[in-house]
Amino acid sequence: MSKLPIPRLPLFLLRFLALFAGGALLVLFWVTLESLFIKRLTFPYLFRFSIPFTVVILAGMIVLLGALVWFRLRRLWPDLSAEGSGRRRGDDELGHSLLRLPSELFWGTIAYGLLFIPVYHVVHFAVEGHSLLRVEDAYRDNFVRSFLYEQAVALSAAILHYAVSRRLTRPLLMRLTNATGDIVRGRSFLSMLAATFIGLMLILMFSILWYVLVARAKNMPVEFHILGPLILLELIFAASIFLLLAKEFRRELLVLIGSIRSLLGGDSSRLYSKMPVLSGDEVGQLAIAFNRLQHRIVKEYEAVAQEIELARQVQLQLLSQQEFAIGDYRARALTEPRRETGSGFYDIVPLQEGGFAVFAGEVSGAGMHAALHMSAALLLLRAEIQPQRSPRDMLDRFRQAQSDMFAEKPALSVALALFDPAADALRFACEGRFRAVLHHPASDAESLHEDADRLLLPGGRLILHSDTALRWLEQGEKSADALAFLDAAKPLPPQLGSGLDRFRAERERAEEDFTLLVVSREERRET
Amino acid sequence: MNKSGTTSTFLKPLLLSFLILLGVPVLIVMFAVETAGAGGSRAGLPLLYGLAGAGTVIGYGVFRQVTKRFRRRFRELIEGMGALLEGDRDMLRGRIADRSRDEFGELGAAFNELQDYLSRQYADLERELQLACRLQSSLLPGGYREAGGFAVAVDCKQTRMVGGDLFDIVPLGESRVAVVIGDVAGKGMPAALLMSGTMALLRRELRAGGSAADVLTRTNRLMFGALQGKLFVTVGLAMFDREETAVQYAGAGHLPPYLLRGGAVEEGPVSSLPLGVLPGTAYRNHAIAFPPDSRLVLFTDGIVESDGPDGQMLGFERFERLLGELPESEGLTEQVSSLMQAAAPSGDSRRADDRTIVIVSRQ
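Those sequence lines, one after another, are chains E and G. Going left to right, the first sequence walks through residues 1337 to 1863 as the working numbering numbers them. Going left to right, the second sequence walks through residues 24 to 386 as the working numbering numbers them.
Among the hints, a few may not be true.
Said to hold, decoys possible - No more than 25 Å apart at the CA atoms, straight line, and that leaves these computed lysine-lysine pairs for PhoX-like:
no.: 1; chain 1: G; residue 1: Lys35; chain 2: E; residue 2: Lys1635
no.: 2; chain 1: E; residue 1: Lys1583; chain 2: G; residue 2: Lys180
no.: 3; chain 1: G; residue 1: Lys91; chain 2: E; residue 2: Lys1583
Claimed, not checked - Computed Cβ-Cβ distance ranges for the label pairs, DEER-style:
no.: 4; chain 1: E; residue 1: Arg1410; chain 2: G; residue 2: Gln335; range: 50 to 60 Å
no.: 5; chain 1: E; residue 1: Phe1821; chain 2: G; residue 2: Asn308; range: 34 to 44 Å
no.: 6; chain 1: G; residue 1: Leu108; chain 2: E; residue 2: Pro1686; range: 51 to 61 Å
no.: 7; chain 1: G; residue 1: Glu357; chain 2: E; residue 2: Ala1841; range: 49 to 59 Å
no.: 8; chain 1: G; residue 1: Lys253; chain 2: E; residue 2: Ser1700; range: 26 to 36 Å
no.: 9; chain 1: E; residue 1: Ala1447; chain 2: G; residue 2: Gln335; range: 15 to 25 Å
Derived from the structure by calculation, the hints contain no laboratory data. Computed from a predicted structure; not experimentally measured. Glycine included, each C-beta is placed from N, C-alpha and C at the ideal position.
So that you can see chain E by itself, here it is in the shape it has in the complex (with noise of 0.2 Å):
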């Protein structure tokens, strides 16, 4: 929705001015007409006294009216020019008294026409020299004809006003998110269109009777050359202060369609906006709905997406293994998911001696369906690392536990690592697509693709990854080399700099999580 750029307050106090004068030429060109041709009086007769103070009340009306709407936005402007489109001071409030502002000049038109037009005609009364306390039938029926179809005019003008000062409000209750709370109960909006009739339905069959009276009363013929114009010109103001009407509450519901489509083409985020409620009728009743649901819906995925943050955590809390020392030899361990939850898997596990075994495994699969298989792997795979047995031994058992459990076995890659220091010995094991990397200070690095028995002296390192991980680091580089360089002893993330941040901006073509644990030995053995 296109936020305009808020007139200062006199201007568009103006607008409203504007409206009104427009109401009161609307008045008195209906009254106007009524005298002419209705109650076939002069032009020179309504000079006299019936223009000049019918202008004088208009103005009045023109006055108070301004005076209510000045009232209004007087307080209501500091906040709504207010810049930026962060939820301002209470919204709501300002919303309840903008939406009220139509109904109220509805009101206060009605309110000004039923206390003036008898203030107009008892006055006319006394100038013209009739004594107030002596009134004859005829002017007595006369009074209450005036009265009635003056105050028919006085709601097409109440009608009038009510529609355009929706219109001009609207850029204003546009910049609210008026949001999901309750607001004033409006009328319905086809009361409205209802009241508009019954209005002008009173003016047309007024106009007639009143006319065939006034012409039996004065003796003068029923002139249809004048009358039927007359009605014809009613007609089309009918029919125009309904489209008027009609028009501004389409406009509203095409405001409606339009923000809600307009939640299409935006970003995520943007589905958290609201829809501007408009009105307290049935399209603000619509906007409030649509709100509430709205909310609801995003609240509902919102707490999806939680309890899937709170997964992870669960994962990182059976991961916190992350660090460990003993002796010269350090082992680290990372795993970067690809997606929300992780399907990698590492620990580091003390046995005996001075021995410890390491693994990291991948299962296969992504998303929450891998994150059920990697919980049961880890705590299973764990379950089984004992010092008497052979890594080959621990997988082999693990893969039985894991068959046992799951009807379909799941596809998993893993790598298994027991170190014995008293012997400078490490056994390794693997399945599936996951490695290691072997590398001495005094020669190449080597690849470990299967199971072997292989000597770690001080320096060296044994580095247990995920192809994902590997592939990611490479880089043109001679697959081994790319992550000989990993030191146990200093955190991970920093050595592998721009691999694993490449890794975190593309995760979602990776084929699994980028998955790595280093052990490295160091140089000089303490004594």
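With chain E held as given, fit chain G onto it using these hints.
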């Protein structure tokens, strides 16, 4: 799909009916004026007034009817959204049915498009949850089973798509069967993660052998290594042996089971700390006499703590009464489902917990 260029607008019919209903009475009165005016008699006036009055009233009445149609369509739209609000998660993805080609239809269409867009946005998440749900259901096959000379009926309802309740029926040789029930602290996906791991470890340890207490003690040690006391799981483990008259039961922070015999309801032994709280917890075996005509009921706290259909928590007292009234003649599956029914959560499912019931009897 509605394009603004091709849509009709509700304005036309509304304006047309407005003008017709306004114009026709006026024309009738005009016509009456013409005929009466020609006569020039004063007697025509009441007729004129009557006509004008009747025309106004009838015209107004019909116009109200026309506007009521629009009001109804509004109400349908608003109530349509309201109904989506009242419903559960799946209901939120509902559609608005107004297919007309005017603004109302367009509004409905725009709303539906937004719904589609939202579900597309979250389709991946939904699919993940579906897969996880399927995996979990395969781990927790409810229904009726026979193993080692015992009959077991289970029902497990996770509140969300996945949950933290677990049960397992592990046959141990020809005449023995272990029945596990457990509840991971928390709900939904985080609980489900631990649930699969706990189940895997328990099954492994059960296969490794030992008494119920041995299995729990070993599992606890393994769990503590991974959980460090920050997360925990309650477990009840009952070992049934056809050769024995009693059930061997060990509990880790889980609600005690109930033994049903005749109409009598007997509460089982209370248990010690949940798994994963302390590394060295030693669990104890309890013998529960299990004569041929008795049943053992294991359950999770969601059963007694969920708001029932009447909006009230089932609670232990009512649950025990229900257990006492369970007809022995019925099959185990029916008994389980009638208990489940009584604990079914009311409308607001967000406050409900995962619920599991297991009933075991000798075959």
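Hint check results:
no. : hint                              : in the structure
1   : G:Lys35 to E:Lys1635              : violated, 40 Å
2   : E:Lys1583 to G:Lys180             : violated, 53 Å
3   : G:Lys91 to E:Lys1583              : holds, 18 Å
4   : E:Arg1410 to G:Gln335: 50 to 60 Å : holds, 54 Å
5   : E:Phe1821 to G:Asn308: 34 to 44 Å : violated, 55 Å
6   : G:Leu108 to E:Pro1686: 51 to 61 Å : holds, 55 Å
7   : G:Glu357 to E:Ala1841: 49 to 59 Å : holds, 57 Å
8   : G:Lys253 to E:Ser1700: 26 to 36 Å : holds, 28 Å
9   : E:Ala1447 to G:Gln335: 15 to 25 Å : violated, 54 Å
The structure shown violates the earlier hints numbered 1, 2, 5 and 9.
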